[in-house]
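Here the protein sequences come in this chain order: A and B.
The first sequence finishes on residue 408 if you use numbering that gives the first Met the number 0, and the numbering steps up by one all the way, no holes.
The second sequence finishes on residue 408 if you use numbering that gives the first Met the number 0, and the numbering steps up by one all the way, no holes.
Honestly, the hints are just simulated from the structure, not real lab data.
A couple of the hints might just be wrong.
Note that the list lumps identical chains together, so a pair holds whenever it fits in one copy or between two copies.
Below, in silico cross-link-like pairs of lysine to aspartate or glutamate (EDC-like), each with a Cα-Cα straight-line distance of 16 Å or less [claimed, not checked]:
1) Lys252 with Glu103
2) Lys286 with Glu344
3) Lys258 with Glu372
4) Lys51 with Asp335
5) Lys355 with Asp335
6) Lys51 with Glu65
7) Lys88 with Glu354
8) Lys258 with Glu165
9) Lys208 with Glu249
10) Lys212 with Asp374
11) Lys4 with Glu294
12) Lys250 with Asp169
13) Lys286 with Glu62
Just so we're clear, the structure is a prediction, and the values are computed from it rather than from any experiment.
There are 2 protein chains.
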Amino acid sequence: MAEVKFLDGGMSAVQGFKSTGIHCGIKRAKKDLAIIYSQEEAVAAGVFTQNKVAAAPVILTKEHLEATGGKCKAIIVNSGNANACTGTKGLEDARMTASLAAQELGVDEKEILVSSTGVIGVYLPMDKISQGIKNIWQDLQDTNNSQAAAEGIMTTDTFPKEVLVETVIDGKTVKIGGIAKGSGMIHPNMATMLSFIVTDINIGLEMIKEALKEVVDVTFNMISVDGDTSTNDMVLVMANGLAGNKMINEKNKDYHAFKEALFALCFKLAELIIRDGEGATKFVTVKVKNAQTLEDARLAARSITTSNLVKTALFGEDANWGRVIAAVGYSGAAFDPNQVNMYIESARGSQQMMEKGMGLPFDEEKAKAILKEKDITLIVDLVSGSQEATAWTCDFSYDYVKINAEYRS
Amino acid sequence: MAEVKFLDGGMSAVQGFKSTGIHCGIKRAKKDLAIIYSQEEAVAAGVFTQNKVAAAPVILTKEHLEATGGKCKAIIVNSGNANACTGTKGLEDARMTASLAAQELGVDEKEILVSSTGVIGVYLPMDKISQGIKNIWQDLQDTNNSQAAAEGIMTTDTFPKEVLVETVIDGKTVKIGGIAKGSGMIHPNMATMLSFIVTDINIGLEMIKEALKEVVDVTFNMISVDGDTSTNDMVLVMANGLAGNKMINEKNKDYHAFKEALFALCFKLAELIIRDGEGATKFVTVKVKNAQTLEDARLAARSITTSNLVKTALFGEDANWGRVIAAVGYSGAAFDPNQVNMYIESARGSQQMMEKGMGLPFDEEKAKAILKEKDITLIVDLVSGSQEATAWTCDFSYDYVKINAEYRS
């Protein structure tokens with residue numbers, strides 16, 4: 000398969016798409032409105048929060064994608080206000096946002112997708128949104144600024160997150176650019192992992208839906224900062240076909256090449272989210288190997304990445320394998336506790352901590368050195384099959400509590 | 000039904016049982032071995048950790064209860080060492096502990112139940128256990144000290160936990176005494192919620208099994224300090240029949256009276272565990288009302304009590320109802336997000352925060368005053384049925400992270 004290259008430029012480098020971000024007045028001073036615009040008709044697909052309490056923009060965007068059969072001209076995203084738990088009026092406000100943007104852009108209102116992140120339970124300031132849409136559309140005539148868009152969707156992120164990858168499919172250069180905001184929640188009622196991705200690949204709706212779902216399942220859905228699922232989570236992708244490759248309508252080698260590139264992009268965005276996790280001091284990779292089923296591997300890996308005890312031990316740089324195996328034990332994954340092997344790894348080396356379910360005597364100094372690194376890998380070998388899964392998390396520090404408890408004081 | 004009275008005295012006040020605790024040398028200086036002895040033949044039942052990685056004493060105690068058909072003469076508990084992840088040798092050590100105690104006490108080894116809590120992955124120091132059993136049995140000849148037993152099972156608990164209740168059943172005074180240790184985990188690899196209960200009620204095996212399971216499900220199983228399930232959790236009950244009430248062999252009114260008294264005892268022990276939770280500054284009751292099914296109510300309540308975001312908000316005394324409803328949303332419980340009502344309560348008053356899924360404008364000062372109290376109740380009304388569940392937790396403070404990250408530094 001063709002190499003996947005990381006380049007600079009974010010979404011701005013993908014032909015046929017323009018994006019930017021501005022301050023419209025929801026936040027005090029920072030950018031709080033972003034637009035991603037497709038000059039061509041684009042196919043679009045999304046994955047959304049599983050939280051039963053879905054925010055108004057999640058409901059409306061799903062409705063629009065359904066109504067158009069996966070077509071989209073633009074995505075309008077505001078930060079500073081989640082438009083969640085806002086009832087009928089919230090849904091009307093989301094609809095009004097799409098409608099105002101549709102008028103301004105001269106497109107069908109159903110071809111506008113909307114997304115929000117920020118405080119729960121407060122109505123959108125529609126006057127500011129309305130003026131903001133006019134301003135951002137005017138700005139977009141002279142600019143194409145993916146980084147400004149990435150800034151416009153930030154809440155408590157400490158840096159904007161954008162990634163661009165390039166690969167060759169069917170002899171054509173294909174680009175995929177994306178932005179994301181973090182899953183950390185710093186301000187009260189703040190939440191949400193958002194990502195928006197654009198690509199010039201020529202691909203059918205069913206195939207891009209499928210690729211997005213498969214890739215999100217092994218990237219964004221395998222990261223955890225604090226185990227709380229937001230009401231506004233959303234990942235959207237748009238593809239405009241300008242790369243000129245033969246339309247992908249089946250799971251052929253081109254599909255797989257695209258999926259690989261999409262994975263590279265999503266994984267990088269997910270990594271940036273974890274590195275910017277609230278209070279995070281470490282980037283932790285958890286690999287569960289040789290599980291009976293994929294589901295067992297995923298359950299075990301996610302159970303470790305959401306264990307407060309594992310995460311505080313990592314913050315304390317403590318080789319606390321007992322907490323890791325206990326988290327696997329209550330994960331619901333099928334395995335034989337008397338077969339499990341466990342290892343820790345970093346740039347400073349590797350050490351086996353457990354063999355056949357029993358702790359091994361280990362070199363405390365070496366373990367400490369391994370765990371001193373910023374990037375750490377925990378490997379759990381269940382020795383029960385051949386399936387594996389990888390999940391990512393950060394450690395759990397004082398600052399997580401500080402950020403989430405002290406915001407008003 | 001007869002009143003359930005709380006009295007002083009713990010297990011020591013229950014006729015026919017004797018207990019004590021000593022230092023045998025597993026820990027540096029504190030008590031680390033406890034015995035609970037029944038002079039009569041007692042029926043015994045237990046509930047155990049659901050963690051697939053069950054410690055050796057859990058495996059052995061289940062095996063013994065099975066072999067004897069629910070008979071027990073004594074429970075031997077050590078703290079400081081969990082005898083978990085210790086393989087075949089760990090199981091042999093547990094068996095040896097029971098065997099040594101059986102010789103000393105002159106009973107069948109299968110009538111000895113064993114329990115451990117402490118560091119995972121280290122073999123029990125059998126020389127110290129062996130001498131300890133001799134010493135504790137000698138001590139028990141002249142003493143009956145429930146509080147010493149409660150101290151002997153502590154790990155990082157800051158105070159011993161013992162409760163005694165008394166009620167009248169079939170015209171007879173019945174006592175139930177119990178001890179417990181906390182679910183907080185302070186030292187590396189420390190874990191475990193343990194509770195041991197003795198009663199003089201006359202009751203059949205099936206009925207005491209059933210009562211224990213039903214009561215544990217709504218007490219110990221509804222508390223959470225940090226969401227991590229230990230490898231050693233165990234609740235055991237022994238009943239010797241000395242109260243002289245008519246043997247309870249069906250779910251008649253005597254059974255229900257007993258269950259009520261057992262509930263009062265277990266609830267109190269569970270409350271003490273939460274109040275002694277790692278870094279806890281508040282005792283939080285979460286009531287979920289009007290759910291479609293009991294399972295929905297339990298899922299929603301437990302999801303709230305395990306949400307880091309809810310718990311850090313409570314530490315910050317922030318009326319952050321958005322985090323509460325988000326936790327219900329991802330709990331898996333069936334409900335209509337547009338119907339939910341939510342309230343906060345404490346000794347300082349009560350305030351509705353949410354109506355029909357939407358935030359209400361609320362008095363920030365009053366909310367702050369309510370949340371300043373040490374005991375707080377969150378009430379979530381799902382308005383979807385008639386089932387309810389209550390769960391308990393503590394808040395999540397800096398000290399939780401400190402306790403769990405810094406132990407070695």
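A quick look at each hint next to the structure:
1. Lys252 with Glu103: neither (40 Å within a copy, 73 Å between copies)
2. Lys286 with Glu344: within (11 Å within a copy, 43 Å between copies)
3. Lys258 with Glu372: neither (31 Å within a copy, 53 Å between copies)
4. Lys51 with Asp335: between (35 Å within a copy, 8 Å between copies)
5. Lys355 with Asp335: Within one copy only: 9 Å inside a chain, 47 Å across chains, cut-off 16 Å.
6. Lys51 with Glu65: Neither: 19 Å inside a copy, 43 Å across copies.
7. Lys88 with Glu354: between (58 Å within a copy, 14 Å between copies)
8. Lys258 with Glu165: within (12 Å within a copy, 67 Å between copies)
9. Lys208 with Glu249: Answer is within; shortest intra-copy Cα gap is 12 Å, inter-copy 58 Å.
10. Lys212 with Asp374: Result: close neither inside a copy nor across copies, 27 Å intra and 44 Å inter.
11. Lys4 with Glu294: Classified as neither: same-chain Cα gap 31 Å, cross-chain 49 Å, threshold 16 Å.
12. Lys250 with Asp169: within (14 Å within a copy, 73 Å between copies)
13. Lys286 with Glu62: For Lys286 and Glu62, the Cα distance exceeds 16 Å both inside one copy (37 Å) and across copies (34 Å).
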